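Number of protein chains: 2
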Amino acid sequence: MVRARTLDPAEYRVLAAVRQAGPLSRSELGAQLGYSRAAIRGVVNSLLAREIIEERGLGESQGGRRPRTYGPNGSLGFVAGVDVGATSLDLALADFDGTILERLDEPADVREEPEVMLGHVADLIEQLLARQNGRPEQLLAIGIGVPGPVKFDEGVLVAPPLMPAWEAFPIKAFMRQRFAAANIAVDNDVNVMAIGEAWAGAGRGIDNFIFLKIGTGIGSGIICQGNIYRGQDGAAGDVGHICIDYNGPMCHCGNLGCLEIMAAGPAIAERGREAALSGESEFLAEAMAANDGLMTAETVGDAAKAGDRAANEIVKTSGRMIGGMLAGLVNFFNPQLILIGGGVSNIGIRLLSAIRQAVLRRSTALSTRHLRIEFSPLGADAGVTGAIWLALEHAFAVET
Amino acid sequence: MVRARTLDPAEYRVLAAVRQAGPLSRSELGAQLGYSRAAIRGVVNSLLAREIIEERGLGESQGGRRPRTYGPNGSLGFVAGVDVGATSLDLALADFDGTILERLDEPADVREEPEVMLGHVADLIEQLLARQNGRPEQLLAIGIGVPGPVKFDEGVLVAPPLMPAWEAFPIKAFMRQRFAAANIAVDNDVNVMAIGEAWAGAGRGIDNFIFLKIGTGIGSGIICQGNIYRGQDGAAGDVGHICIDYNGPMCHCGNLGCLEIMAAGPAIAERGREAALSGESEFLAEAMAANDGLMTAETVGDAAKAGDRAANEIVKTSGRMIGGMLAGLVNFFNPQLILIGGGVSNIGIRLLSAIRQAVLRRSTALSTRHLRIEFSPLGADAGVTGAIWLALEHAFAVET
Numbered sequence: 001m002v003r004a005r006t007l008d009p010a011e012y013r014v015l016a017a018v019r020q021a022g023p024l025s026r027s028e029l030g031a032q033l034g035y036s037r038a039a040i041r042g043v044v045n046s047l048l049a050r051e052i053i054e055e056r057g058l059g060e061s062q063g064g065r066r067p068r069t070y071g072p073n074g075s076l077g078f079v080a081g082v083d084v085g086a087t088s089l090d091l092a093l094a095d096f097d098g099t100i101l102e103r104l105d106e107p108a109d110v111r112e113e114p115e116v117m118l119g120h121v122a123d124l125i126e127q128l129l130a131r132q133n134g135r136p137e138q139l140l141a142i143g144i145g146v147p148g149p150v151k152f153d154e155g156v157l158v159a160p161p162l163m164p165a166w167e168a169f170p171i172k173a174f175m176r177q178r179f180a181a182a183n184i185a186v187d188n189d190v191n192v193m194a195i196g197e198a199w200a201g202a203g204r205g206i207d208n209f210i211f212l213k214i215g216t217g218i219g220s221g222i223i224c225q226g227n228i229y230r231g232q233d234g235a236a237g238d239v240g241h242i243c244i245d246y247n248g249p250m251c252h253c254g255n256l257g258c259l260e261i262m263a264a265g266p267a268i269a270e271r272g273r274e275a276a277l278s279g280e281s282e283f284l285a286e287a288m289a290a291n292d293g294l295m296t297a298e299t300v301g302d303a304a305k306a307g308d309r310a311a312n313e314i315v316k317t318s319g320r321m322i323g324g325m326l327a328g329l330v331n332f333f334n335p336q337l338i339l340i341g342g343g344v345s346n347i348g349i350r351l352l353s354a355i356r357q358a359v360l361r362r363s364t365a366l367s368t369r370h371l372r373i374e375f376s377p378l379g380a381d382a383g384v385t386g387a388i389w390l391a392l393e394h395a396f397a398v399e400t
Numbered sequence: 401m402v403r404a405r406t407l408d409p410a411e412y413r414v415l416a417a418v419r420q421a422g423p424l425s426r427s428e429l430g431a432q433l434g435y436s437r438a439a440i441r442g443v444v445n446s447l448l449a450r451e452i453i454e455e456r457g458l459g460e461s462q463g464g465r466r467p468r469t470y471g472p473n474g475s476l477g478f479v480a481g482v483d484v485g486a487t488s489l490d491l492a493l494a495d496f497d498g499t500i501l502e503r504l505d506e507p508a509d510v511r512e513e514p515e516v517m518l519g520h521v522a523d524l525i526e527q528l529l530a531r532q533n534g535r536p537e538q539l540l541a542i543g544i545g546v547p548g549p550v551k552f553d554e555g556v557l558v559a560p561p562l563m564p565a566w567e568a569f570p571i572k573a574f575m576r577q578r579f580a581a582a583n584i585a586v587d588n589d590v591n592v593m594a595i596g597e598a599w600a601g602a603g604r605g606i607d608n609f610i611f612l613k614i615g616t617g618i619g620s621g622i623i624c625q626g627n628i629y630r631g632q633d634g635a636a637g638d639v640g641h642i643c644i645d646y647n648g649p650m651c652h653c654g655n656l657g658c659l660e661i662m663a664a665g666p667a668i669a670e671r672g673r674e675a676a677l678s679g680e681s682e683f684l685a686e687a688m689a690a691n692d693g694l695m696t697a698e699t700v701g702d703a704a705k706a707g708d709r710a711a712n713e714i715v716k717t718s719g720r721m722i723g724g725m726l727a728g729l730v731n732f733f734n735p736q737l738i739l740i741g742g743g744v745s746n747i748g749i750r751l752l753s754a755i756r757q758a759v760l761r762r763s764t765a766l767s768t769r770h771l772r773i774e775f776s777p778l779g780a781d782a783g784v785t786g787a788i789w790l791a792l793e794h795a796f797a798v799e800t
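Chains C and S, in that order, give the protein sequences.
Quick note on my numbering: the first sequence kicks off at 1 and runs consecutively.
Quick note on my numbering: the second sequence kicks off at 401 and runs consecutively.
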């Protein structure tokens, strides 16, 4: 574990290929990556000698003997995935083959100082390692998703609205104090969810899709040509502040009529409160009274599922707004798939149908010909799953 | 010229690298592509033996002897680039190194039958070849940009609004009857312009940018992670039909308030006509009278440049609308650069400043931190330049 953990570019590509496409034979690797037989043999032997990949039994015959196949060596070490939410921490520990061994989640407050919160994260990772009889120096990588814009190469947050104390905080250096052998990768939380769906969810094998997270805010992660797309400043996917009404209410960002202020969780809760107070919905009024006068988007969702007419209208209103914005993105990006996730996506199927209707109505016919719009199948697990993949991708540095 | 023109993936990558990054030495190629010295030597020797690349003198010393460098062999054959506009044809002939040898443009009408128009295009290509003492069988590839959505792999137009007779017409097979040795690549015209800027214009070395064409319609080409991005159905970039006003006028697509119907050439001309008729602008009234009662976006541009107040307001109105739409794309895509091209982009600098203002006002601060918005430097040449590059990229098929 002391030796430098670097790969040359060919080794990195072979490792990535066997991780992403399952056990592969040398001839499959050669065809996929465009290397000669001799080159592939050299790379595979080097990775085998370093115990980074391992044999995985025989593949299908291509006419002659059945070929040996290769996959990542699960017992090489551990990786950790961390999903930092505004109010929660979600952690997983996996082996080098990506099999999740341990899970843990607990409430948290992202407004805490980064030293405090990340120190606690490090403690939790050590606990998970200990459960597997693992030591800190066996941790190869940590993938961390955080709810704000990230300069990916440096692993620092840039102007994060929810967690100002984290601005420019050196997350990588801090975590490395505790796990000296680990490479650290930090990304925006919604990007990490998109990565989770890309490798282990509905996005498998899909080159171009958008993961839309609807919660207290609205954001998206973009998979473009098979890779996460972060944009020039790590700001790509920040669709919550796309204007949907030039005369709309003022958003916390200072602009008028942003999608987020008009359609996300708080807007849904506020409309629910109005429906309760105006007497429009008895269901909502009773639920609010039972909850100390508080209204949440979740309650509106419960009411909608119970058939409450006013609640259903509220859900549909948000769906129409979100779908109207997505229609523009569909015209621009022409994706194959849009996945809807985040806490507020649970408020009911009518949200999805309203989004679908608005997209179909407002996008060009050609751009929706093969488009599917679905709920995220990984749901609350998308973040931590993506963080594990992010860690696996960065377990080895690439020589340049 | 009879032998099969295919490359294995490694050969293709080396050829693309020397084309895109200028003359490169073997060690530069190895570093860039992640191949071993032995692998690079084999690939370079194979390409030299087939006269696909050639030596290009000595590069800079890395400590020892100065290394030989390699570039595409310009004399391998010719490629043609064709930019089919709604009312014009623009052609170029280049050598295999991308040096443009001949140019030609003439008026045309895209509503003609494809057989007639493409037959004429083939005649013109033969004329350009003859000027260089070239024969049809020396034409390695043709790149064609057409004003409509294209299924790129098949090279057919899909539901093209301007040229319905071309729907599903087999452009590749038709052109191959005349140029049996040529590979044919067909793409949307704005994609081709973006490719032109990417390889020979302001987009050189820029991974993520948007080329926006403003003319009779509005469309865009997307360069993402260094490659043209076509989307799932070849429909990516169709931003003219993004809604900017849910209560706006009806577009020819059937929806209300599309950007195109509110801000493109015809909308500018119509507002100019109103300003002329209402007496708001004497300049425009006189210009319209001098032009048999016709008003064009160009005339509005001339008036704006001459300082006409009403014309300037019209130009700014379009700029604000276009910028408002672009602000949403900037939030989503976080590009480094937006290039504004197309015939109507010539109506004046106030268009650009209004676009910039609207983007800065409505995009998130982080996403505009490094954003430049500029006129396309290639201008009217972007299309034919991109078509040449498209041809060069497809001169050889890749073995899979």
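If you're looking for bench data, these hints aren't it; they were derived computationally from the structure.
A couple of the hints might just be wrong.
[To be verified] Here are the simulated lysine to any residue pairs, SDA-like style, with alpha carbons at most 25 angstroms apart:
| # | chain 1 | residue 1 | chain 2 | residue 2 |
| --- | --- | --- | --- | --- |
| 1 | C | Lys316 | S | Arg761 |
| 2 | C | Lys316 | C | Arg372 |
| 3 | C | Lys151 | S | Lys716 |
| 4 | S | Lys551 | C | Arg372 |
| 5 | C | Lys316 | S | Lys716 |
| 6 | S | Lys716 | C | Tyr246 |
| 7 | C | Lys316 | C | Glu374 |
| 8 | C | Lys316 | S | Gly657 |
| 9 | C | Lys151 | S | Arg761 |
Remember, predicted model here, so these are calculated numbers, not experimental data.
The hints, checked one at a time:
1. C:Lys316 - S:Arg761: Not OK: Lys316 (chain C) and Arg761 (chain S) at ~30 angstroms, beyond 25 angstroms, violated.
2. C:Lys316 - C:Arg372: The hint holds at about 19 angstroms.
3. C:Lys151 - S:Lys716: violated, 35 angstroms
4. S:Lys551 - C:Arg372: holds, 19 angstroms
5. C:Lys316 - S:Lys716: violated, 36 angstroms
6. S:Lys716 - C:Tyr246: Given that 25 angstroms is the threshold and the Cα spacing comes to 17 angstroms, the pair holds.
7. C:Lys316 - C:Glu374: Distance ~16 angstroms between Lys316 (chain C) and Glu374 (chain C) Cα, so the pair holds.
8. C:Lys316 - S:Gly657: Status holds; Cα separation ~22 angstroms.
9. C:Lys151 - S:Arg761: Distance ~23 angstroms between Lys151 (chain C) and Arg761 (chain S) Cα, so the pair holds.
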